[in-house]
Amino acid sequence: NAGVTQTPKFQVLKTGQSMTLQCAQDMNHNSMYWYRQDPGMGLRLIYYSASEGTTDKGEVPNGYNVSRLNKREFSLRLESAAPSQTSVYFCASILSGGTYNEQFFGPGTRLTVL
Amino acid sequence: SQQGEEDPQALSIQEGENATMNCSYKTSINNLQWYRQNSGRGLVHLILIRSNEREKHSGRLRVTLDTSKKSSSLLITASRAADTASYFCATDAGGYQKVTFGTGTKLQVIP
Chain F
5 NAGVTQTPKF
15 QVLKTGQSMT
25 LQCAQDMNHN
35 SMYWYRQDPG
45 MGLRLIYYSA
55 SEGTTDKGEV
65 PNGYNVSRLN
75 KREFSLRLES
85 AAPSQTSVYF
95 CASILSGGTY
105 NEQFFGPGTR
115 LTVL
Chain V
120 SQQGEEDPQA
130 LSIQEGENAT
140 MNCSYKTSIN
150 NLQWYRQNSG
160 RGLVHLILIR
170 SNEREKHSGR
180 LRVTLDTSKK
190 SSSLLITASR
200 AADTASYFCA
210 TDAGGYQKVT
220 FGTGTKLQVI
230 P
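Taken in sequence, the protein lines are chains F and V.
Counted from 1, the first sequence has number 6 at position 2 by my numbering; the numbering is strictly sequential.
Counted from 1, the second sequence has number 159 at position 40 by my numbering; the numbering is strictly sequential.
If you are wondering where the hints come from, they were derived from the structure by calculation, not from laboratory data.
Incorrect hints may have been included.
These stretches of chain F come out as covered by chain V in the derived footprint (C-beta under 8 Å, 3 or more residues) [stated by the list, open to error]:
id : segment
1  : 45-56
2  : 106-114
Within a straight-line C-alpha distance of at most 27 Å, the following computed DSS-like cross-link-like pairs (lysine-lysine) qualify [claimed, not checked]:
id : chain 1 : residue 1 : chain 2 : residue 2
3  : V       : K145      : V       : K189
4  : V       : K145      : V       : K188
5  : V       : K225      : V       : K145
6  : F       : K61       : V       : K145
7  : F       : K13       : V       : K225
8  : F       : K61       : F       : K75
To list a few chain F residues with every Cβ distance to chain V over 10 Å, as calculated [what the hints assert, rightly or not]:
id : residue
9  : V16
10 : T19
11 : Q21
12 : Q26
13 : A28
14 : P65
15 : N66
16 : R72
17 : R76
18 : E77
19 : E83
20 : S84
21 : A86
22 : Q89
23 : T90
24 : V117
By construction, the Cβ of each residue, glycine as well, lies at the ideal position given by its N, Cα and C atoms.
Next up, chain F with everything else stripped away, as it sits in the complex (with noise of 0.2 Å):
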């Protein structure tokens, strides 16, 4: 049982280039969530899936698009990357519908932009 996976680790991209953040989990959980954390901002939304399907704005979605592949995966896609989306990226899923709203967390992709 991996939990939440995220690829890659790292990444370094060029201002204009494009991307794609992968994230899975095994958990068969039905709501996931992708945010970004800068330095002294903690984490924001950008955007999530409340189940397979179905996607939706969080506070930060400009310059990103997702797509719920599968109730497992949940990509985040930069079109066109700007120095602005330097930061560290973080997968969430949770059991919609349980009693508890614990999130797990991947261990994040670290992105620069130059």
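Fit chain V to the known structure of chain F by using the hints.
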């Protein structure tokens, strides 16, 4: 904008002392959670307290919630060097379990 604001931003204590950190939030909530983040790692859930609860314990952790003041506190008793981490509060108002995180308290426990 952040829903939760932790206070203090940073805290340094000696091993064995108690650590208290506070969280204030702006709007009504269903639940409030505390998470820990070790340097360079993802967040780990510590404890959840519901809006109809006032206090909760888990091992060396004690969480209180005052909905009238829109605030919560996390107490770590008999701290250890391994408690060195950042601590975040997170709130949700139900719905799709969308959770909003605060800015965190960085705790350093000196051996």
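_Numbers of unmet hints, in rising order_ = Violated hints: none at all, because every hint is consistent with the structure.
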